[in-house]
Amino acid sequence: LEVMKMYKWECFLFHDVDVLPEDDRNLHTCPTENPRHMAVAMNKFNYKLAYEKMFGTSSALTVQQFKETNGFSNRYWGWGGEDDDMYTR
1 LEVMKMYKWE
11 CFLFHDVDVL
21 PEDDRNLHTC
31 PTENPRHMAV
41 AMNKFNYKLA
51 YEKMFGTSSA
61 LTVQQFKETN
71 GFSNRYWGWG
81 GEDDDMYTR
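Going left to right, the sequence shown walks through residues 1 to 89 as UniProt numbering numbers them.
Possibly wrong hints are sitting among the right ones.
As the list claims (entries may be wrong) - Listed next, the in silico BS3-like pairs over lysine-lysine satisfying Cα-Cα at most 30 Å (straight line):
(1) Lys-5 <-> Lys-67
(2) Lys-67 <-> Lys-53
(3) Lys-8 <-> Lys-67
Honestly, the hints are just simulated from the structure, not real lab data.
Predicted model, so just to flag it, every value in this text is computed and none were measured.
Turn these sequences into a full structure, and let the hints steer you where they fit.
Below, the structure is given as structure tokens:
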């Protein structure tokens with residue numbers, strides 16, 4: 001990963017710019033076992049998941065997990081789909 005040349009990161013956090021945490025006590029930490037979806041309750045969806053396998057909006061992965069999934073695909077343009085693709089991998 002190109003970014004690893006700058007610093008030896010341990011965790012990647014991906015966050016949509018149009019979604020903000022309602023409570024600043026929500027910790028954004030790196031998962032230890034599995035990638036973590038961090039926006040499971042949003043007012044937009046009445047504080048429920050929009051669909052069962054939702055992984056977008058705010059997600060955290062270790063460097064190893066990101067490498068194992070081969071990161072986000074470059075096949076997606078515009079809005080949507082890339083996070084569902086990441087979930088399946």
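Now for the hints, and whether the structure bears them out:
no.: 1; hint: Lys-5 <-> Lys-67; in the structure: holds (15 Å)
no.: 2; hint: Lys-67 <-> Lys-53; in the structure: holds (21 Å)
no.: 3; hint: Lys-8 <-> Lys-67; in the structure: holds (14 Å)
Taken one by one, the earlier hints all hold for this structure without exception.
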